[in-house]
Amino acid sequence: MQVVSKVREPLVTGGKTYKDITEDICRPVEAAPNPRWLAAFGVSVLLLLAGGYYLGDMLWNGIGKWGMNKTVQWAWDITNFVWWVGIGHAGTLISAVLLLFRQKWRTSINRAAEAMTIFAVICALLWPVVHMGRPWIGGIWALPLPNTYGSLWVNFNSPLLWDVFAISTYFSVSLVFWFIGLIPDFATIRDRATTKMSRLMYGMLSMGFNGSAKTWMHYEAVSLILAGLSTPLVLSVHTIVSFDFATSVIPGWHTTIFPPYFVAGAIFSGFAMVLTLMIITRKVYKLEDYITMEHIELMCIVITITGSVVGIAYITEFCIAWYSGVEYEQYAFVNRMTGQYWWAYWAMMGCNVISPQMFYIKKARTSIGFIFFISIVVNIGMWFERFVIIVTSLHRDFLPSSWLYFNPTIHDVMSYVMTFGLFFTLFFLFSKYFPVVNMAEVKSILKDSDSKVYKSRRTISNDVLPEADRVPVEEQG
Amino acid sequence: MEKNKHFLVGIFDDHDILLNAVKHVRKQGVKIEEVYTPYPVHFLEDALGYKRSFMPKAAFGFGALGTSLAIFFQTWVMGIDWPMIIGGKTHVAIPDFVPITFELTVLLSAFGMVGTFFGTQDLKPHKVPRVFDRRQSDDKHVMAIDLAANSLSEEELTALLKDVQAEEVNRKDFTDKENKGSFIEYVVDLFTNGVTESARSLNK
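So the protein lines, in turn, are chains Y and V.
Just add 17 to the spot in the first sequence (first one is 1) and you have my numbering.
Just add 22 to the spot in the second sequence (first one is 1) and you have my numbering.
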């Protein structure tokens with residue numbers, strides 16, 4: 018006998034069948050691109066090209082085109098790098114950590130979140146590479162390869178090299194995890210394909226997968242182990258990114274709280290970006306039955322928790338600075354709050370600490386418009402957090418004669434805009450040509466929430482059911 | 023050498039019914055060629071009598087290789103080939119090697135295991151899979167029984183599958199051609215025949 022919860026909401030609503038899932042998810046992939054998609058895709062490509070022009074100009078003429086100066090050598094570029102890496106983390110968290118914790122609600126959102134991870138990490142990787150000024154050389158020097166200078170190797174003691182390994186491993190493993198998850202769904206699309214081109218494309222992408230019990234058995238083991246490997250990996254990546262700062266001698270950077278603080282911030286901003294994308298995706302592709310209010314509410318709760326952790330970290334930093342008794346350290350923090358960049362600091366506090374607390378109110382975390390607004394506010398706040406850490410610590414160094422104020426140039430702004438263009442171009446291509454919801458995984462949890470079960474569960478609140486699904490009062494028992 | 027293969031295909035609607043059917047059919051001494059489902063059905067592998075997946079062992083082996091390689095390489099570079107004192111640290115500063123060792127362990131473990139999975143399950147871009155029913159990747163579960171591998175007649179097997187609540191029982195014939203062509207041959211084949219063996223036999 019199937020045990021059914023009377024209190025839990027079904028994970029897939031609308032009384033869907035297996036066939037409905039295939040139809041609903043494959044429809045956008047199989048249909049011609051709609052005008053709204055074309056318009057949005059066009060805008061993204063335009064941003065990519067416009068920003069690409071300025072980035073190309075910077076590479077051609079030199080890094081002086083950016084507003085960095087002799088004191089603030091890490092400005093928008095490393096801010097953007099840390100921010101984009103952080104954005105990526107929610108994808109792995111949803112697909113890996115929630116899989117290990119057997120959280121079934123992840124199945125509808127994991128695919129798009131993982132795609133977001135891949136694209137965000139591509140945008141992140143770009144920054145340290147172009148920051149080197151001559152990426153065609155620097156990209157090779159960063160790798161431990163035999164070179165023409167004899168036995169000259171990279172420095173394995175350097176956190177910057179740890180970063181090279183961490184980000185590239187994270188990118189490769191996330192890509193593999195994402196692709197493995199896509200294979201069964203590609204096979205479904207292949208078996209439904211009507212044109213030769215789609216048969217070729219999805220036939221190749223599906224790697225000849227046919228859903229045999231033996232393959233599924235190994236597939237499940239592979240997925241679970243990849244999740245097990247990705248979970249510490251996601252924690253290690255942002256921990257190592259934080260080491261870039263924490264192992265230095267700059268006041269405001271070298272605190273032991275950085276690794277957990279950065280990881281919490283990454284989850285915080287990542288979930289905000291997932292929310293932004295999911296709210297758009299579920300509306301555009303009519304996926305409200307798969308990405309339900311429950312999914313959105315749970316993500317809001319994660320945002321509130323991680324936002325609070327980040328808030329505690331901000332306060333702890335002040336306590337550590339005070340307790341250290343080091344006047345430079347203390348000055349760095351007072352300067353953040355009251356110095357020339359006070360506006361950035363308070364923007365960060367407002368966006369990251371105060372705004373997510375709104376989700377304690379049930380009405381706030383169930384209102385789509387408000388959640389969408391807060392998700393964008395959080396992302397702005399997290400960008401300011403990276404900016405505050407980097408720029409406010411650097412612009413007042415140990416030598417007062419070097420003190421400078423950092424002003425971004427058009428090249429800084431447009432290079433950042435280019436990564437948005439790149440991110441959304443890739444995301445729109447993904448959402449058009451790949452299934453945005455993991456069909457196989459959603460099907461595997463459907464039996465808990467099929468129409469009969471859905472109705473029997475909802476007999477306690479029949480009035481909220483759509484009219485077609487209402488159960489007559491005499492049958493409610 | 024080409025050889026024709028004949029299968030009896032039972033189509034099931036529900037995975038619980040399928041699980042019971044697999045157990046019952048096997049109990050009757052019938053050899054099941056394979057079962058195909060649109061999503062992973064837990065305990066199906068036990069019902070079919072498969073051994074546990076060896077993927078955890080592959081992951082561990084490749085992970086251990088990654089750990090060893092990382093420690094060996096960093097120690098050799100920093101301690102033997104080009105010893106340098108950086109920040110007052112000893113040549114072989116083990117704690118500093120931890121991050122890269124961890125990353126390489128994860129990298130080799132993940133790639134090694136996935137490579138093993140693709141290799142052992144013969145998954146490759148130009149693989150032509152055998153699809154008994156196109157609905158097997160949509161909403162139906164498929165049990166395939168090789169007629170030549172069982173002593174029961176086609177009628178007896180059909181009756182048995184109907185007994186275990188198969189929604190439909192169909193016969194499927196394949197030309198058992200081994201898929202050893204190159205990628206180019208695959209593309210040409212695709213445009214002339216189709217991407218699955220099922221489509222190939224339909225076109226022939």
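No lab work stands behind these hints, which were simulated from the structure alone.
Mixed in with the good hints, there may be bad ones.
Pulled from the structure, derived: some chain V residues nowhere near chain Y, Cβ distances all over 12 Å [unchecked claim]: (1) 27; (2) 38; (3) 51; (4) 87; (5) 111.
Below, simulated DSS-like cross-link-like pairs (lysine-lysine); rule was C-alpha separation at most 27 Å, straight line [said to hold, decoys possible]: (6) Y:231 x V:111; (7) V:184 x V:149; (8) Y:231 x V:53; (9) V:79 x Y:213; (10) V:149 x Y:449; (11) V:79 x V:194; (12) V:73 x Y:36; (13) V:79 x Y:36; (14) V:184 x V:79; (15) Y:231 x Y:449; (16) V:194 x V:45; (17) V:27 x Y:464; (18) Y:231 x V:194; (19) V:149 x V:45; (20) Y:449 x V:184; (21) Y:464 x V:184; (22) Y:379 x Y:213; (23) V:111 x V:27; (24) Y:231 x Y:303; (25) Y:213 x V:49; (26) Y:213 x V:194; (27) Y:213 x Y:380.
All C-beta atoms in this analysis are idealised placements derived from N, C-alpha and C, irrespective of residue type, glycine included.
Checked hints:
no.: 1; hint: 27; verdict: holds (15 Å)
no.: 2; hint: 38; verdict: violated (8 Å)
no.: 3; hint: 51; verdict: holds (19 Å)
no.: 4; hint: 87; verdict: holds (14 Å)
no.: 5; hint: 111; verdict: violated (6 Å)
no.: 6; hint: Y:231 x V:111; verdict: violated (51 Å)
no.: 7; hint: V:184 x V:149; verdict: violated (33 Å)
no.: 8; hint: Y:231 x V:53; verdict: holds (15 Å)
no.: 9; hint: V:79 x Y:213; verdict: violated (40 Å)
no.: 10; hint: V:149 x Y:449; verdict: holds (25 Å)
no.: 11; hint: V:79 x V:194; verdict: violated (37 Å)
no.: 12; hint: V:73 x Y:36; verdict: violated (31 Å)
no.: 13; hint: V:79 x Y:36; verdict: violated (37 Å)
no.: 14; hint: V:184 x V:79; verdict: violated (40 Å)
no.: 15; hint: Y:231 x Y:449; verdict: violated (31 Å)
no.: 16; hint: V:194 x V:45; verdict: holds (23 Å)
no.: 17; hint: V:27 x Y:464; verdict: violated (35 Å)
no.: 18; hint: Y:231 x V:194; verdict: holds (21 Å)
no.: 19; hint: V:149 x V:45; verdict: violated (31 Å)
no.: 20; hint: Y:449 x V:184; verdict: violated (41 Å)
no.: 21; hint: Y:464 x V:184; verdict: holds (23 Å)
no.: 22; hint: Y:379 x Y:213; verdict: violated (50 Å)
no.: 23; hint: V:111 x V:27; verdict: violated (69 Å)
no.: 24; hint: Y:231 x Y:303; verdict: violated (35 Å)
no.: 25; hint: Y:213 x V:49; verdict: violated (43 Å)
no.: 26; hint: Y:213 x V:194; verdict: holds (24 Å)
no.: 27; hint: Y:213 x Y:380; verdict: violated (49 Å)
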